[in-house]
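The listed protein sequences derive, respectively, from chains A and B.
Under the UniProt record's numbering, read the first sequence as residues 1 to 450, first letter to last.
Under the UniProt record's numbering, read the second sequence as residues 1 to 87, first letter to last.
There could be a bad hint or two in this list.
Claimed, not checked - Below 27 Å or equal to it, Euclidean Cα-Cα: the simulated DSS-like pairs (lysine-lysine) are:
no.	chain 1	residue 1	chain 2	residue 2
1	A	Lys213	B	Lys56
2	B	Lys46	A	Lys313
3	A	Lys218	B	Lys46
4	A	Lys150	A	Lys98
5	A	Lys306	B	Lys87
6	A	Lys306	A	Lys320
7	A	Lys184	A	Lys218
8	B	Lys82	A	Lys306
9	A	Lys421	B	Lys16
10	A	Lys165	A	Lys112
I should point out that these hints are in silico values taken from the structure, not numbers from a laboratory.
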Amino acid sequence: MNLSILRLGITNNFFRQTRISQSVLYCRYSSSGNQKLQQFNIRDEVPDGRPLYLDAQATTSLDPRVLDTMMPFLTNFYGNPHSRTHYYGWETETAVEKARSDIANLIGADPKEIIFTSGATESNNIAVKGVGRFYGAKKKHIITTQTEHKCVLDSCRALEGEGFKITYLPVDKSGLISLEALDKAITPETSLVSIMAVNNEIGVKQPMADIGKLCRSKKVFFHTDAAQAVGKIPLNVNDMNIDLMSISGHKIYGPKGIGAIYIRRRPRVRVEAIQSGGGQERGIRSGTLPAPLVVGLGRACEIAQKEMAYDHKRIEYLSKRLIDGIMGQLEHVVRNGDPETSYPGCVNLSFAFVEGESLLMALKDVALSSGSACTSASLEPSYVLRAIGTDEDLAHSSIRFGLGRFTTDEEVDYTIDKTVKHVSRLREMSPLWEMVQEGIDIKTIQWSQH
Amino acid sequence: MSATHQSRRLVLSLYKDLLREGSKFSAYNFRMYALRRTRDAFKENKSITDGTLLQKSILEAKENLEIIRRQVIIGHLYQADKLIIEK
Chain A
1 MNLSILRLGI TNNFFRQTRI SQSVLYCRYS SSGNQKLQQF NIRDEVPDGR
51 PLYLDAQATT SLDPRVLDTM MPFLTNFYGN PHSRTHYYGW ETETAVEKAR
101 SDIANLIGAD PKEIIFTSGA TESNNIAVKG VGRFYGAKKK HIITTQTEHK
151 CVLDSCRALE GEGFKITYLP VDKSGLISLE ALDKAITPET SLVSIMAVNN
201 EIGVKQPMAD IGKLCRSKKV FFHTDAAQAV GKIPLNVNDM NIDLMSISGH
251 KIYGPKGIGA IYIRRRPRVR VEAIQSGGGQ ERGIRSGTLP APLVVGLGRA
301 CEIAQKEMAY DHKRIEYLSK RLIDGIMGQL EHVVRNGDPE TSYPGCVNLS
351 FAFVEGESLL MALKDVALSS GSACTSASLE PSYVLRAIGT DEDLAHSSIR
401 FGLGRFTTDE EVDYTIDKTV KHVSRLREMS PLWEMVQEGI DIKTIQWSQH
Chain B
1 MSATHQSRRL VLSLYKDLLR EGSKFSAYNF RMYALRRTRD AFKENKSITD
51 GTLLQKSILE AKENLEIIRR QVIIGHLYQA DKLIIEK
């Protein structure tokens, strides 16, 4: 009893102290003389309605046209596409094969070269481990980049454990790899080069055609993780000499849990299957195909191909609106990744003197991310930003804005307003910002060691 | 002359139907997209004079109208709260 009173006393005291510290903060605001900021309290900001979605790199919504194509296969058409003895199997098989050719069309491949998987992560595993292990007896070297997605890097780590040598190519400040460095890294031992088409964090597009040409001339297989690129920028496996390509469904307004891998037949690329089973998908990926998802992925690719030019123009416009809107009202904002060679739907900005996580907390009525969703639980700065040489403090203050097919002008404008408001507010609280306003160069300060 | 007049009326009524049905999407983003895409598509195809191309576009519009009608119903069955900018 006594104990609980004591505890209560502590809590009350704690609250009182918090309140005091808050009022101190309020004083800081009023000293800055900004009337608007004076009234702000993050606790008063209870969002009325669902947040806006600006995280198109994490996932996209299912296009209603895709759902419409999937619905029959979630209801009446439930046959197993591998059943060869009855009508239920045949009708599903027909739909699955149509989806396969829609995917192939989008990337200029032959339908036979498309293997369905559970997503780009599985595709990347099949490509890196599958090719690595198949040719592993003679060739034990794989080249990739430092800015790849975690699943490629982790697959490479797994191979390292099996005695493979992996070269992690560095990228320059803009996020691009150097073709010379790639050329030098390729040895007679090299079996595979794996370089992503569009980066998921900074949107940088690698020179696919040049890399493909180089790899082909050196007789090395070229794999690309095109999860963020397929359906958004034109890709052709033959023009670009791509031997393996990973595709994801849910990044192109298709269903989640489905992806595909393109594996070239001429010249033939062979992979060691990771999953054993009934030998579906040419033995590369055993397991019954999820027909509704497959049909959805096919439809998503069909729409993406038809709408690519329209969507790209639209996203370019929104991207410019967003960047101009934010940069026009705020100083010390840096765009990460080369703007010239980036996919416009991925805008990664660093707001100097603002802590990224605080900004994300304040911007809770807009669904945003500081980088990839896989690492969003940790407070570590992104390894992609570190690889492009972003300063530690700027890497901590980055936010990724993902624009998609269904993003509206109003959403972009709202995001601009809120971002400008909160960045200004958080900067007003920062002693560093105050020093910068007084003309002190932060970089020259010798901070005492502690 | 009467054939083009007829198809003109058909195109106009399809345009109106698509806008009317599209505006019924309960999800803000799909609603705005349906309206924007319909307007842009009709603007883009305004100058089509080729008969077969016109027929193809009309067929496509009809299919899309059916999709929108079905998807509006599904959207209403599983509604979410309104977005913050709608309030």
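We went through each hint and held it up to the structure:
{"no.": "1", "hint": "A/Lys213 - B/Lys56", "result": "40 Å, violated"}
{"no.": "2", "hint": "B/Lys46 - A/Lys313", "result": "19 Å, holds"}
{"no.": "3", "hint": "A/Lys218 - B/Lys46", "result": "51 Å, violated"}
{"no.": "4", "hint": "A/Lys150 - A/Lys98", "result": "32 Å, violated"}
{"no.": "5", "hint": "A/Lys306 - B/Lys87", "result": "34 Å, violated"}
{"no.": "6", "hint": "A/Lys306 - A/Lys320", "result": "23 Å, holds"}
{"no.": "7", "hint": "A/Lys184 - A/Lys218", "result": "11 Å, holds"}
{"no.": "8", "hint": "B/Lys82 - A/Lys306", "result": "30 Å, violated"}
{"no.": "9", "hint": "A/Lys421 - B/Lys16", "result": "40 Å, violated"}
{"no.": "10", "hint": "A/Lys165 - A/Lys112", "result": "32 Å, violated"}
Figure legend: structure checked against the earlier numbered hints; hints not met, in rising order: 1, 3, 4, 5, 8, 9 and 10.
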